[in-house]
Amino acid sequence: MPLAKFARITLFTALTVFVVTPLALLVLTSVARGWFHPALLPASLDASAWTDLLTDASHRLALRNSLVLGSATAIVATALALPLGRSAAYSTRAIRRTVALLAFTALALPPVALGTGLQLTVLSLGIGGTLGGVFLAHLVPALGYLTLLFLGVFTRWDHRLDEVAATLGASRAERWQRVLLPLLRRPIAESLALGFLVSWAQVALTLLVGGGAVRTLPLDVLAMLQAGQDQRAAAGALALAIPALLVIGAARVGARNTAAVVA
Amino acid sequence: MSAALELHALDVVFGTRTGVRDINVDVQAGDCLAVLGASGVGKSSLLRTIAGLQAAGGGRVVVNGTNVTMEPPERRGIVYLHQEPVLFPHLTVLDNVAFPLQVRGAPSSRSATTAAAWLERLQVDELAGRMPSSLSGGQRHRVALARALCADPAVLLLDEPLASLDPAVRRDVRMALQVARTTSHAAMLLVTHDLDDALAIATHVMTLLPTGHSEPMAPQALLRSPPTLESARLLGVYAEVEGVVLGDGSSAAFHWLGGAVPAAGAQPGPAIACVRSHEVHVHCGARIHGPELIVLDRHEATHDVVLTVRRAGGETAVVRVGAGVTAAPGDVIQVCILHGRFFAPG
Amino acid sequence: MSAALELHALDVVFGTRTGVRDINVDVQAGDCLAVLGASGVGKSSLLRTIAGLQAAGGGRVVVNGTNVTMEPPERRGIVYLHQEPVLFPHLTVLDNVAFPLQVRGAPSSRSATTAAAWLERLQVDELAGRMPSSLSGGQRHRVALARALCADPAVLLLDEPLASLDPAVRRDVRMALQVARTTSHAAMLLVTHDLDDALAIATHVMTLLPTGHSEPMAPQALLRSPPTLESARLLGVYAEVEGVVLGDGSSAAFHWLGGAVPAAGAQPGPAIACVRSHEVHVHCGARIHGPELIVLDRHEATHDVVLTVRRAGGETAVVRVGAGVTAAPGDVIQVCILHGRFFAPG
Amino acid sequence: MPLALAGILLGLPILVGVGYSVAGALGLVGNAAPGGLQRVLGDTQVLRSVVLSLWIAMVGTAGATIGAVLLALAFEGSAPLDRFARAIGTLPLPVPNLAAAVAMLLLLTQSGWLARLAMQVRLIASPAQFPALVYDPNGLGIIAAVIWKELPFLLLVALSLQSLQSLQSLRGSALTAAARTLGATRWQATRRITLPLLLRGMAPSIVAVFVFVLGSLELPLVLAPSSPLPLPLLIQERRQALDAASHGEAYVLALIATGLALIAAGMHEWLRDDA
Amino acid sequence: GRPAPPVSAAALATAPWDSVVARARGTTVVWRMWRGDPSVNTFIDRWVAPRLLAQYGITLQAVNGQGNELVDQLTVEREAGATTGTASLLWINGETFAALRSRNLLAGPWSQVLPAAALVDSASPIVSRDFEQDPAGYESPWGTVQLALIYDAVRTPQPPRTFAELAAWIRAHPGRFTYDQGFTGATLLKSWLYALNGGASTFAGGFDSTAYLAGRTRLFGLLDSLRPALWRKGTQYPADVAAMHRLFANGEIDISMSVNQNEAVTKAMQGVIPASSRALILRDGTIANTHFVGIPFNAPNAAGAMVVANLLLSPEAQLEKQRPAVWADGTVLRLATLPPSWRMRFDSVLNDPRLVPADSLRASARPEVSPRYHERLQDDWRRLMR
Ligand SMILES: Nc1ncnc2c1ncn2[C@@H]1O[C@H](COP(=O)(O)OP(=O)(O)OP(=O)(O)O)[C@@H](O)[C@H]1O
Ligand SMILES: Nc1ncnc2c1ncn2[C@@H]1O[C@H](COP(=O)(O)OP(=O)(O)OP(=O)(O)O)[C@@H](O)[C@H]1O
Ligand SMILES: [Mg+2]
Ligand SMILES: [Mg+2]
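Residue numbers (this note's numbering), protein chains in the order written: chain C, 1 to 263; chain A, 1 to 346; chain V, 1 to 346; chain U, 1 to 275; chain X, 1 to 386.
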């Protein structure tokens with residue numbers, strides 16, 4: 001964009017301050033006990049929130065649940081959304097719109113509506129309060145997001161690449177394997193990361209469909225927050241961010257070959 | 001035996017409306033049908049329809065006796081070369097060309113050898129290790145063509161494979177196409193704007209025009225006697241001379257400002273004569289009977305010379321004459337048309 | 001007055017290596033320099049370098065006396081037409097063409113009128129409201145060209161503007177380019193593979209070859225006496241006849257299997273004669289002195305006939321003769337080359 | 001086949017969710033009393049909630065979009081500054097909403113870090129003098145959190161669109177090159193070519209953000225004013241009240257929230273041309 | 001197919017206790033409770049759970065969930081026909097108990113058969129009644145607490161000691177007081193309602209609409225007149241007690257409050273509020289209440305749940321829980337019935353100088369009245385005052 005070097009550096013500085021300050025506050029809060037107004041910095045450091053978090057077996061269980069749910073949601077939602085987004089993008093306008101609207105609805109339904117409906121479904125399937133039930137619930141918004149993502153990817157996709165491969169005799173599977181997947185590495189990596197995040201940060205659906213019996217890290221953080229345990233909540237929030245950061249990093253590395261543009 | 005490719009009453013759709021209607025064509029294995037047509041008339045759409053990349057408005061596509069109208073593209077045994085070359089951006093040139101062999105499960109060493117051979121035939125062998133994004137326009141065309149030829153299909157649809165090539169390379173590519181047609185017995189459909197391509201490669205040619213399409217005919221026949229004025233214009237070799245046909249039957253003659261030409265069988269009335277440059281004799285100075293013409297303008301084209309001439313009365317005409325003619329502006333000449341094709345004005 | 005476009009010692013980079021070196025060219029306003037060159041030799045790269053889309057390896061680009069080598073593309077007063085047309089996918093055809101006027105702040109009604117006029121001149125006026133994705137290949141080329149012409153720049157770089165067009169449309173587009181050149185006084189650089197384009201539009205032509213580039217010369221001069229064998233091959237009009245030059249100075253003569261041809265000034269030794277079809281006389285039956293040749297093959301091209309002939313001894317040669325020549329395989333003929341250009345074999 | 005699967009996996013839960021809400025609004029299930037619709041429509045508190053939520057979603061989405069586009073365009077190059085800026089810009093992506101809310105709380109309240117900073121440099125003398133950004137009837141704190149949280153997502157979308165485009169168009173960005181040689185300045189090429197194309201590609205994601213923000217609970221839970229209450233909180237409050245009338249209203253409100261989001265999505269789908 | 005429905009708590013109540021314990025061995029109990037307070041969590045996870053495992057082989061899984069969430073969850077579970085639910089034990093009281101009971105979502109009666117039930121102080125109106133309701137064996141008590149104000153002894157050396165003083169203090173210190181929209185704030189308002197209207201007895205004996213309306217008019221009139229002196233001029237209220245603590249700790253307000261009189265101590269120890277924070281009980285009396293555990297109708301492991309409830313009533317658990325360093329949660333046992341050694345141990349904890357003195361507590365404790373008052377007051381406040 002037409003920006004002078006000075007403007008770019010200013011913008012960069014503003015961005016850094018905007019992004020980093022809240023994160024830095026989280027870090028400080030997580031190691032500060034009794035850090036009150038008007039102290040600009042904590043008087044002393046205290047690692048108890050972290051040691052509690054890391055040593056407590058129940059947090060570890062929550063962490064494991066979150067990881068399992070996040071990975072499963074990411075993989076399954078991507079595997080479903082990719083072909084769905086693609087066939088919708090190549091379908092008639094009416095089908096495309098229907099799919100897009102369905103996907104939007106999956107995001108738009110307030111947890112009270114979606115969650116209660118899902119709760120009912122999951123319960124009548126006999127998997128209420130289980131990881132499986134919560135996984136099914138997380139799948140819905142994740143599928144919504146990722147379907148939109150791939151719908152977008154494929155409406156701008158040069159489908160002549162498919163055409164060439166097809167007329168050269170590549171079967172459907174071979175087209176996926178040899179043309180689509182290699183070229184889609186970046187969107188797929190992004191989709192995996194995004195699917196993971198949708199599940200990873202989910203609170204309301206987990207609560208409703210898990211019936212409270214399925215503990216995840218965000219639920220723990222919510223509980224701490226509602227008890228005014230800011231120090232622990234901050235540590236928990238960071239603990240939530242770190243694995244997700246790793247996932248995003250991994251996605252970026254996975255996408256490197258096809259994404260020369262992006263750092 | 002049935003033809004390798006048969007089109008029965010095929011209708012081609014442009015967007016939502018039917019563009020080209022009722023195409024009926026057979027192409028035998030080892031034959032090549034060239035399709036000539038104005039820009040935008042629907043040549044690419046026809047090929048895409050045959051390849052199964054867009055739905056037919058009606059009719060059937062039959063390959064080696066099997067109706068494939070409802071089959072997906074990869075099950076038709078038809079390879080389509082896009083007008084604008086589409087290469088897989090993530091594969092090297094060699095891998096692009098080897099692609100059709102690899103999807104057929106050929107061992108990779110053999111497919112690489114075959115692919116390299118095609119690259120060499122099209123003179124792009126030194127690009128084998130490059131990525132497509134670094135190729136020039138003509139190189140991309142050739143790599144895409146090499147890939148299509150490498151697929152060695154029953155039916156090969158080529159959409160202007162020779163555009164963007166210089167004459168020297170073009171000659172070699174034509175040769176490669178000849179080889180492909182005769183040695184591998186593919187039935188070919190070749191879209192081109194250049195009659196030279198058709199003459200070099202094709203066994204038949206058909207013209208596609210907004211007003212309709214012609215039956216396939218021999219390329220030389222089309223060149224010698226195009227069925228309509230529009231199809232004559234597609235060839236780019238005719239000068240159009242205006243005049244009038246007087247008399248009829250075998251005594252009919254075409255009268256233009258340079259004189260009269262026997263025009264047996266032509267319709268009486270205003271007419272346009274399509275004349276090639278070697279069918280015109282020019283006499284410098286007035287030596288034969290007939291009107292004298294002043295040369296107003298001389299334009300040397302590659303193969304002939306275009307003269308604009310005026311009769312004393314003031315009418316002008318444009319004629320194409322042989323490249324050896326030296327008449328220059330201001331000269332007085334006589335122009336004798338030896339032969340022509342006569343059409344009613346469009 | 002300085003030229004509209006001057007290139008001083010310009011080096012063109014391909015990826016990382018320097019491809020074309022030391023281009024020195026002036027193009028006056030209202031002139032058109034055609035660039036002929038083999039595929040992949042660097043024509044597009046040259047144009048992109050002049051337009052500022054890729055960095056020069058060295059040298060300067062001067063427009064109307066101003067050194068623009070370091071300027072961004074939009075501040076050079078240069079418009080570049082991509083080889084593969086690039087249309088803005090979110091704008092209609094009309095808006096695409098009006099784009100250059102709109103970015104210059106023209107009122108939208110006026111820019112629409114001007115754009116529509118260009119569309120009409122290129123015979124794509126009925127596409128004005130369409131989106132680019134629905135156009136045919138040739139239509140896309142023409143819309144992109146209309147947009148470039150609409151920009152009315154000081155310097156116009158056209159990368160194969162006439163590819164993908166049928167002869168009838170091609171003639172009209174050539175006319176439109178002529179108009180643009182003469183009425184708007186643009187300095188044009190035109191990349192083409194077709195000498196006919198150069199002859200119709202260009203005031204000068206230069207050839208770009210892997211071995212180096214020629215000085216600009218008149219198109220007719222290039223056609224009549226190409227400076228090198230390679231540049232002759234680029235033109236696609238010459239038959240190449242092998243033989244040997246004996247004697248030297250004004251008494252030198254070129255001997256080939258059909259006889260001898262005066263070749264004053266040619267280097268003694270093995271040689272290739274480049275001969276156009278109207279420079280060859282064919283005598284059917286043996287009427288003049290000289291060797292008798294048997295016609296082995298006859299190929300009718302659009303503008304001439306390609307004969308493969310053999311002397312009794314067994315050597316063969318390929319000659320191009322006028323379209324009127326009727327010699328058929330099996331005939332015995334005598335071929336008299338009237339004129340040729342003689343080069344040492346490449 | 002994938003379409004049928006979609007029908008099941010997306011359509012079914014949605015059908016059940018909407019169906020249950022409709023039944024709840026009609027007082028048929030879940031201990032909900034009927035007649036919620038009339039009560040809700042006559043309730044000015046509901047209207048204020050709707051307005052506040054729409055305002056937050058709109059301003060937040062607009063802010064995040066503008067920021068993301070600005071960054072994507074300003075840092076599209078491959079210099080270290082560009083790479084670094086893109087990395088930093090997407091940094092908050094993995095931070096869950098709840099954590100973002102906590103961070104904003106720590107930063108923005110009248111006794112938060114900014115207020116302390118202001119006090120340190122003697123801009124203000126007591127917490128009450130600091131502008132009320134959190135628990136603010138204009139939702140400024142939530143909007144800040146929305147931007148902080150959603151800008152990285154939209155930035156990611158923008159970047160991946162840019163890379164897809166440059167992957168497919170063979171020689172770099174041919175479109176901008178064409179625009180610029182036609183005389184468009186860098187700025188004009190951006191405004192007329194890059195930006196519209198980018199925004200078209202981002203449109204579904206932008207609408208998704210809008211829709212998500214409209215319904216999301218976590219940020220308001222921590223940062224929202226008590227009056228007016230953002231719609232998701234109002235829904236939760238009614239839902240968690242014990243009386244049947246409130247329950248019925250909760251479902252009506254949920255349907256209203258869904259409806260608003262779907263209007264946005266529908267408008268987007270309708271306006272988008274698929275050319 | 002679905003597993004057979006588990007044995008209900010009511011059925012188990014008729015069986016010998018030993019058989020219940022035997023049935024519970026080797027099982028898992030999912031307990032839905034408020035998981036927000038690390039003190040409570042530590043007590044449950046580090047004290048209760050290991051003992052359950054050691055003594056009964058029961059694995060305790062404490063998960064978050066309270067109040068109306070539970071009601072919703074169970075309602076939907078029943079609508080879905082889930083005869084086997086997720087949780088076996090619920091932390092409940094007051095209006096949640098009322099809601100669950102009225103919808104038949106609780107199993108029972110069972111609590112009276114717990115061996116430790118004999119130790120419960122059933123004479124105390126606060127322990128034996130839950131918001132005037134008779135637990136009737138459908139829930140078992142395990143702790144009591146009382147509403148107290150929290151102030152900072154350094155910032156506010158002279159805190160108000162009665163509701164009248166509180167109103168005057170608020171007027172004298174504009175912007176320095178507020179109350180939250182949640183349970184704690186509502187409990188304060190209810191206590192204030194008692195104080196303005198002649199005490200808890202005015203509202204005793206079920207919901208009385210006229211008494212309520214008269215009382216409400218007085219209370220809201222007062223609050224309206226105080227509004228300009230409240231934090232943010234009474235236009236905004238903190239969402240919950242945690243938010244209020246945050247304002248208090250950072251000096252935005254000078255008084256916080258808690259439904260647990262001892263939270264001033266535990267929260268200060270956790271660093272949530274300043275170390276100089278103190279609790280005070282308003283002399284007019286504040287509401288005290290008891291928390292219970294219940295067993296849902298579809299509990300997958302009612303036997304285990306009963307064993308847990310029994311353990312919670314054991315003197316060991318009650319004493320541990322009451323330690324200020326642990327949780328400072330009041331006992332529900334009648335100390336007089338305990339052996340002297342236990343009594344002594346309780347006394348030493350109760351006399352901890354950091355805590356509100358036990359006799360002051362006893363003197364000022366006011367019982368809860370019908371949960372309808374709580375519901376109406378909260379609802380009306382939201383509609384009329386917020
Ligand atoms: N979606 C569409 N809507 C309307 N018209 C369309 C659509 N797609 C193609 N067309 C029109 O169909 C016609 C045929 O297009 P096609 O590409 O087949 O032409 P062509 O003969 O290959 O031309 P060229 O020689 O220029 O490549 C064109 O006039 C084009 O404008
Ligand atoms: N990134 C690159 N790395 C290596 N070689 C490159 C790169 N980009 C272009 N080239 C080479 O530079 C040469 C010139 O390309 P250019 O596009 O200028 O050719 P051209 O003369 O326009 O050919 P055509 O007539 O086929 O369009 C080609 O041989 C091409 O392969
Ligand atoms: Mg075409
Ligand atoms: Mg080129």
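If you're looking for bench data, these hints aren't it; they were derived computationally from the structure. Think of the CB as a built atom: it goes at the ideal place given N, C-alpha and C, for glycine as much as any other residue. Among these hints, one or two may not hold up.
Unchecked claim - Covered stretches of chain C, going by a simulated chain X footprint (3 or more residues, C-beta under 8 Å):
#1 65-79
#2 169-178
#3 188-196
To be verified - On the chain V side, residues computed to face chain A include the following (Cβ under 10 Å):
#4 8
#5 11
#6 39
#7 138
#8 164
#9 168
#10 225
#11 276
#12 297
#13 299
query: Can you list which hints this structure breaks, lowest number first?
result: The structure conflicts with hints 1, 2, 3, 4, 5, 10 and 12, although it agrees with all the remaining ones.
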